[in-house]
Amino acid sequence: MFTGSKRVLLATFAALVPITLIGVFPLFMGRFQVVLLTEIIIWGVFALSFDLIYGYTGMLSFGQSIFFGVGAYVLTYGMTWELGLLLSLVMVLLSGALLGLIIGAVAVKVRGAKFFLVTLVGAILFHLVALDNRWLTGGDDGLLVPLQFGGVVDNFYLIYGVGLFAALVTLVIVRSPVGLVFRMIKGDKKRAELLGYWTDGYRILSFAISGALAGLAGGLYGYTTGFVSADFFHWSYSADAVIWTVLGGSGTVAGPFIGAALLTFIKESLSSTWGVIYPVFVGLLLIGLVIGFPGGIVGLVKRVASWTVSGKEGSTDE
Amino acid sequence: MSDLLSIRGLGLKIDGKEILRGVDMELASGEIKGVMGPNGAGKSTLLRLLAGELQPTTGELTLCGQDMSERPEREFSRDGISYISQRPGPFRDLTVEENLRGAAQRGSLFSRKSVRGKVDRLAKLIDMERKTDVVVSELSYGEMRTLDVAMALASEPLLLLADEPTAGVSGGVAGDIVDLFKDLCESNRNTPFHLDGLIFVEHDKGTVFNLADRVGFLHDGRLVVEGTPESIRQHGVVAQYLSEHEFD
Ligand SMILES: Nc1ncnc2c1ncn2[C@@H]1O[C@H](COP(=O)(O)OP(=O)(O)OP(=O)(O)O)[C@@H](O)[C@H]1O
Ligand SMILES: [Mg+2]
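As you go down the protein sequences, you meet chains S and X in turn.
Positions 1 to 318 (my numbering) are the ones given, in order, by the first sequence.
Positions 1 to 248 (my numbering) are the ones given, in order, by the second sequence.
Just so you know, these hints were derived from the structure itself, not from any lab.
Glycine included, every Cβ here is placed at the ideal spot set by N, Cα and C.
Hints may be right or wrong, so weigh each one.
[Said to hold, decoys possible] If you want a taste of the chain X side facing chain S, the calculated C-beta under 10 Å gives, among others:
#	residue
1	Gly65
2	Glu70
3	Pro72
4	Glu73
5	Arg74
6	Phe76
7	Ser77
8	Ser85
9	Gly89
10	Phe91
11	Arg92
12	Asn99
13	Gln105
14	Arg112
15	Val225
[As the list claims (entries may be wrong)] With a Cα cut of at most 25 Å, we get these calculated DMTMM-like pairs of lysine to aspartate or glutamate:
#	chain 1	residue 1	chain 2	residue 2
16	X	Lys13	X	Asp67
17	S	Lys109	X	Glu230
18	S	Lys109	X	Glu129
19	X	Lys13	S	Glu268
20	X	Lys205	X	Glu230
21	S	Lys302	X	Glu138
22	S	Lys190	X	Glu230
23	S	Lys190	X	Asp79
Please build the complete structure, drawing on both the sequences and the hints.
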């Protein structure tokens, strides 16, 4: 118990430092860096949406790009119809959750490895439909997003606030009794059912929450770039979310943000000629991770931290 | 006294193979029933049917007079049947406390206080209060089995089904589990985690004859004989089985 509360204190502190640093970042950095950091936060939220469904509930879904695209377009139409940013974002959350319920209800009926394939096919299908229906999506050419305020720093603080909100809500959910059921399902679905839980219901719920978060990321990204297109539905966004989460550490709230930050930063730093090796680099990294560090960066840090903590306490305790 | 559980002509066929055939069994309220039999006799299958993990192909199953066939698995637990499977079942990546909480919170998801109280009582019951923060994968086999017992009790079942709960567990811990079962079955109805009935599978005949009020002997998917420990010892097939396993 004692070590438990101490760990919470340590984790809170470890989280507050970067959160504060990021908050004051725009005061010291240039426009380009602020834009980059804004994007990183959005990708973090997006990866977090995947983490909820995979890292916590154990479903390897490739469908995140669907919610990303839908969220971006719902925001665009909300702004176009002059609903205002706040109401548009609320609509984004609701539509993501609703779509999550629907897609989740279908997806949970699919067993095992087929689950991954079905969600991937679903993602590709949505992309094609979006490309085809230019009247709605503008196809490849896309649509402009009417902005409420345009400043880079203003936008950064908007995203910063929403990102913080998303991370906190997720933290509360995964720490709640419902979050425990998610983790039980990840560990052993049959066993959770045997204990009396309607596991399919919980998995659908996980889809809905994840859909809302992924949609939020899509909406924020559209708002930040001021432009959305059918490309927002591209399945490679799903792949990015997987890689960011696994690199940073799945089953943690910080992990997806760390993974997204690191890889976005690396991608940006590579010059255009070296850009072509980025996919190869990511592929190798992923293989190395899965074999070497299944817990990702957060897992590694936790392990190192527990060595030092247990090293200190070992002499006094037990 | 009315029967807690009653099964009639229970049978299971998988891919044309009859794994259980025509099993009849009654469990009176307050009764402890031991199930014995050679490997592959169908003991685990019988328990899995009673737990709702498998659906019978023939026969009927009633709990407290209520028909349970065709019900989804999760409703068995809600209706008062808990099940400890032959293999350790705690969630390996979760801590002892999380496992207990997960099992205890089912019927009262958001009343944190009562769930916490129950978790504390369960941890105390199995003497693991000092291990609540340990991740299950770091527990010994015996500790996992003990945790299984506590998790099964968390839903405050009427009837507990236990498939070889003490097999592979060291003598002391195995004895603790058996004693706990005995205490809970003999306890007063208002005692926390009181059991109204227990069906357990066990190879160790000492445990079976010590714990059970009545014993059933399964062979090749059939319930060959059922009766008090004294009476079934006399039965030919059972006597032969017991003599072959003299030194187990
Ligand atoms: N899902 C299944 N499909 C096909 N056959 C099965 C299945 N489950 C069990 N069996 C077979 O049914 C028979 C009974 O198995 P069961 O596990 O119930 O035996 P048991 O009495 O518990 O044995 P043990 O003492 O080894 O635990 C075995 O021959 C087994 O191979
Ligand atoms: Mg068995």
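request  = List in ascending order the numbers of the hints, as given earlier, that are violated by the structure.
outcome  = 1, 2, 15, 17, 18, 19 and 22
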